[in-house]
Amino acid sequence: MILYHGSKNGLEGAVRPDAGRSACDFGSGFYMGDKPEQPKGLVAPYPNHIFYEIECDFHGLRQKEFTGDYAGQIDWALYIAYNRQIIDFSGYGKLQERYQAYNTCYDLMIGLIADDKMTQALNRFYDGILCDMGLLEALQHVKLGKQYVLKTAEACSGNHIQIISSTTLSEKEKKLIIAENTNRITQMQGLLNQMQTKYRRAQNIRFFDEIIKEWNESWN
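Take 53 as the starting number for the sequence shown in my numbering and just add one per residue.
Hints listed in this document are in silico derivations from the structure and should not be mistaken for laboratory results.
Ideal Cβ positions, reconstructed from N, Cα and C, are used throughout, including at glycine.
One thing to keep in mind: the hints can contain errors.
27 Å max Cα-Cα, derived DSS-like pairs, lysine-lysine [stated by the list, open to error]: (1) K195 to K226; (2) K146 to K265; (3) K116 to K265; (4) K198 to K87; (5) K250 to K265; (6) K195 to K116; (7) K195 to K250; (8) K195 to K227.
Ranges between beta-carbon positions, derived for each pair [stated by the list, open to error]: (9) E225 to R68: 23 to 33 Å; (10) H111 to I237: 15 to 25 Å; (11) T219 to D179: 33 to 43 Å; (12) T171 to K250: 13 to 23 Å; (13) K227 to G120: 14 to 24 Å.
My request is simple: use the sequences and hints to build the entire structure.
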């Protein structure tokens with residue numbers, strides 16, 4: 053499998069699981085995507101960026117992948133809320149234990165990418181403006197691909213990953229990518245406004261504060 057990574061200033065030394073900030077989507081780890089567009093968009097504004105192609109073999113690693121059904125996508129959104137420290141999870145002890153385990157018991161986490169466009173939807177969800185069904189419908193419209201996050205030294209070792217190329221974007225590529233990102237952000241704002249209107253009076257919907265309480269109470 054070939055995955056992609058973008059670095060604002062290039063990698064220094066060996067790939068490490070503690071390279072990323074703990075407040076990222078899936079916590080500390082080395083982040084890669086299965087589509088080149090997203091990491092390119094992340095680093096395009098930075099003059100010293102490097103874009104990497106990485107050959108990966110994840111056989112034998114302890115893996116957790118978020119499924120595409122309702123439960124899997126809500127679990128994904130709550131896990132991101134935990135790592136981004138959106139709220140204090142100490143009041144939700146069972147969920148806190150669940151997501152602490154995700155960060156310590158797996159070598160590899162796999163789930164949808166939540167970049168600047170998707171963050172708009174998540175923030176509205178966390179703020180209680182967008183309901184669960186609106187969030188899930190928005191996810192269906194954003195084709196960002198999946199992120200693969202290496203959480204342990206073993207996952208980051210040469211047994212599982214090899215950098216096969218490192219390049220920089222041309223000025224033309226950077227301008228095009230930055231323009232496309234700006235356009236997608238504007239499109240997402242319009243889509244989210246539609247989702248809020250569509251589900252304003254819908255039945256059987258849940259909001260973040262309700263979901264996190266229900267999940268904490270039902271989790272064994």
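Cross-check of the supplied hints:
1. At roughly 20 Å between alpha-carbon atoms, K195 and K226 fall within 27 Å of each other, so this suggested pair holds.
2. This hinted pair checks out: K146 and K265 have alpha carbons roughly 10 Å apart, not beyond 27 Å.
3. For the hint pairing K116 with K265, the CA-to-CA distance comes to about 23 Å; that is within 27 Å, so the pair holds.
4. Note on K198 and K87: the hinted pairing holds, with a Cα-Cα distance of about 8 Å set against a maximum of 27 Å.
5. Straight-line distance between C-alpha atoms of K250 and K265 comes to about 25 Å, which keeps the hinted pair within the 27 Å bound.
6. A hinted pair counts as satisfied when its Cα atoms are at most 27 Å apart, and K195 with K116 qualifies at roughly 21 Å.
7. With a C-alpha separation of about 21 Å, the suggested pairing of K195 with K250 holds against the 27 Å cut-off.
8. As the CA atoms of K195 and K227 are separated by approximately 21 Å, the hinted pair is consistent with the 27 Å bound.
9. At roughly 28 Å, the beta carbons of E225 and R68 sit within the given window of 23 to 33 Å.
10. The given range of 15 to 25 Å is broken by H111 and I237, whose C-beta atoms sit roughly 38 Å from each other.
11. As the Cβ distance of T219 to D179 is approximately 39 Å, the hint placing it in 33 to 43 Å holds.
12. In this structure the hint that T171 and K250 lie 13 to 23 Å apart at CB holds, the actual value being about 21 Å.
13. Between K227 and G120 the C-beta distance comes to about 34 Å, which lies outside the given range of 14 to 24 Å.
Violation of the numbered hints given earlier is confined to hints 10, 13; the remaining hints are satisfied by the structure.
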